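Asks: So the sequence lines, in the order shown, correspond to chains W and D.
Note that our numbering has the first sequence beginning at 2, numbered continuously upward.
Note that our numbering has the second sequence beginning at 904, numbered continuously upward.
Please keep in mind that the hints were generated in silico from the structure rather than gathered at the bench.
Watch out, some of these pointers could steer you wrong.
As the list claims (entries may be wrong) - In silico SDA-like pairs for lysine to any residue, Cα to Cα no more than 20 Å straight-line:
#, chain 1, residue 1, chain 2, residue 2
1, D, Lys-1001, W, Gly-39
2, D, Lys-1001, D, Ala-986
3, W, Lys-24, D, Lys-1001
4, W, Lys-24, W, Leu-12
5, W, Lys-78, D, Thr-981
6, D, Lys-1001, D, Leu-924
7, W, Lys-24, D, Ile-998
8, W, Lys-78, D, Ala-988
9, W, Lys-24, D, Thr-938
10, D, Lys-1001, D, Tyr-937
11, W, Lys-24, D, Ala-990
12, W, Lys-24, D, Val-984
13, W, Lys-24, D, Pro-1000
14, W, Lys-78, D, Leu-924
15, W, Lys-78, D, Lys-1001
16, D, Lys-1001, W, Gly-25
17, W, Lys-78, D, Tyr-937
18, W, Lys-78, W, Leu-63
19, W, Lys-78, D, Gly-929
20, D, Lys-1001, D, Asp-935
21, W, Lys-24, D, Met-933
22, D, Lys-1001, W, Arg-31
23, D, Lys-1001, W, Pro-26
24, W, Lys-24, D, Phe-928
25, D, Lys-1001, D, Thr-981
26, W, Lys-78, D, Ala-986
27, W, Lys-24, D, Thr-981
28, D, Lys-1001, D, Met-933
29, W, Lys-78, W, Leu-12
30, D, Lys-1001, W, Leu-68
31, D, Lys-1001, D, Ala-988
32, W, Lys-78, D, Ala-992
33, W, Lys-78, D, Ala-990
34, W, Lys-24, D, Tyr-937
35, W, Lys-78, W, Gly-39
36, W, Lys-24, D, Gly-929
37, W, Lys-24, W, Leu-68
38, W, Lys-24, D, Leu-924
Here the structure is a predicted model, which is why all the values come from computation and not from measurement.
Residue strings, one per chain:
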Amino acid sequence: MMFAGAAAALLVAFALAALRAIKGPTVFDRALAGNTVGSLAILLLAVFGFLTGRPEFLDIALTYGLLNLIGTLAVLKFFRHGDLAYDADEGKEP
Amino acid sequence: MALLIDVASGVLIAAGCFFILVGAFGLVRMPDVYTRAHGTSIIDTVGAGFLLMGLMLQAGWSLVTLKLLFVLAISFFTLPVVAHALAQAALHENITPKLAEDRRTRALGKDAPTGTGDESGKA
């Protein structure tokens, strides 16, 4: 019962984060909303494992936690340099 | 004893849901990027911490508790890095924070040797 309530609260938070991703005026608002959706997905996977009695979903939650960092940093680097292979030691030219 | 653990985990899960909803509302209602990052940080630290602690009490001593602990550790170490990188990238793109008063110019006026002190005081 309380797992279902926690899952409902997480889904409401998902909807609010998606609202910010749609409304957000700058690209950083959208990156922030995407990062929030990622961290909420970790929590929803953990809660869903307990809700269905199969805590093996936690492995997927761990993978999401690692992908969230790399994904957001890659998006930020892409929007800053326009190029994921930008080398900072090479000076201004990519 | 089992009832006590159930009640304690219920309280922790309810507190986690409350802070997650607070952070999500902050993400929608706050005025600019830097203040919205506060809402995300509330979800990542307090909300996830309480919720996963409640789930740990439900799991008991098992491999599931260890996995929940790893999820919590990953959230605690990686998500502040992401928030810092995001704020730094936004500053680099010249998105200025909304401030009631700009304290940087006031500090500059105080440190300047002559002339600008009373001018910044008026501003």
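Asks: The structure should be examined with respect to each hint, and the outcome stated for every one.
Replies: Hints, one by one, checked against the model:
1. D:Lys-1001 <-> W:Gly-39: violated (27 Å)
2. D:Lys-1001 <-> D:Ala-986: Status holds; Cα separation ~18 Å.
3. W:Lys-24 <-> D:Lys-1001: holds (18 Å)
4. W:Lys-24 <-> W:Leu-12: holds (18 Å)
5. W:Lys-78 <-> D:Thr-981: holds (16 Å)
6. D:Lys-1001 <-> D:Leu-924: violated (24 Å)
7. W:Lys-24 <-> D:Ile-998: holds (17 Å)
8. W:Lys-78 <-> D:Ala-988: holds (9 Å)
9. W:Lys-24 <-> D:Thr-938: Given that 20 Å is the threshold and the Cα spacing comes to 16 Å, the pair holds.
10. D:Lys-1001 <-> D:Tyr-937: With a Cα-Cα distance of about 9 Å, the restraint between Lys-1001 of chain D and Tyr-937 of chain D holds, given a limit of 20 Å.
11. W:Lys-24 <-> D:Ala-990: Given pair Lys-24 of chain W, Ala-990 of chain D holds - Cα atoms ~19 Å apart, limit 20 Å.
12. W:Lys-24 <-> D:Val-984: violated (25 Å)
13. W:Lys-24 <-> D:Pro-1000: With a Cα-Cα distance of about 19 Å, the restraint between Lys-24 of chain W and Pro-1000 of chain D holds, given a limit of 20 Å.
14. W:Lys-78 <-> D:Leu-924: Violated, at roughly 30 Å.
15. W:Lys-78 <-> D:Lys-1001: Distance ~24 Å between Lys-78 of chain W and Lys-1001 of chain D Cα, so the pair is violated.
16. D:Lys-1001 <-> W:Gly-25: holds (16 Å)
17. W:Lys-78 <-> D:Tyr-937: holds (18 Å)
18. W:Lys-78 <-> W:Leu-63: Since the Cα atoms of Lys-78 of chain W and Leu-63 of chain W sit roughly 23 Å apart, the hinted pair is violated (cutoff 20 Å).
19. W:Lys-78 <-> D:Gly-929: Violated - the C-alpha atoms of Gly-929 of chain D and Lys-78 of chain W are around 26 Å apart, more than 20 Å.
20. D:Lys-1001 <-> D:Asp-935: holds (7 Å)
21. W:Lys-24 <-> D:Met-933: OK: Lys-24 of chain W and Met-933 of chain D at ~12 Å, within 20 Å.
22. D:Lys-1001 <-> W:Arg-31: Distance ~19 Å between Lys-1001 of chain D and Arg-31 of chain W Cα, so the pair holds.
23. D:Lys-1001 <-> W:Pro-26: holds (15 Å)
24. W:Lys-24 <-> D:Phe-928: holds (14 Å)
25. D:Lys-1001 <-> D:Thr-981: Given that 20 Å is the threshold and the Cα spacing comes to 27 Å, the pair is violated.
26. W:Lys-78 <-> D:Ala-986: Holds, at about 14 Å.
27. W:Lys-24 <-> D:Thr-981: Not OK: Lys-24 of chain W and Thr-981 of chain D at ~26 Å, beyond 20 Å, violated.
28. D:Lys-1001 <-> D:Met-933: OK: Lys-1001 of chain D and Met-933 of chain D at ~11 Å, within 20 Å.
29. W:Lys-78 <-> W:Leu-12: Judged against 20 Å, a Cα distance of about 29 Å means the pair is violated.
30. D:Lys-1001 <-> W:Leu-68: Violated: Lys-1001 of chain D and Leu-68 of chain W sit about 32 Å apart, past 20 Å.
31. D:Lys-1001 <-> D:Ala-988: Roughly 19 Å separates the two Cα atoms, so the pair holds.
32. W:Lys-78 <-> D:Ala-992: holds (9 Å)
33. W:Lys-78 <-> D:Ala-990: Status holds; Cα separation ~13 Å.
34. W:Lys-24 <-> D:Tyr-937: holds (16 Å)
35. W:Lys-78 <-> W:Gly-39: This hinted pair holds, its Cα atoms lying about 18 Å apart.
36. W:Lys-24 <-> D:Gly-929: With a Cα-Cα distance of about 14 Å, the restraint between Lys-24 of chain W and Gly-929 of chain D holds, given a limit of 20 Å.
37. W:Lys-24 <-> W:Leu-68: violated (25 Å)
38. W:Lys-24 <-> D:Leu-924: It holds: about 19 Å lies between the C-alpha atoms, which stays within 20 Å.
The structure is inconsistent with the numbered hints 1, 6, 12, 14, 15, 18, 19, 25, 27, 29, 30, 37, although it conforms to all the rest.
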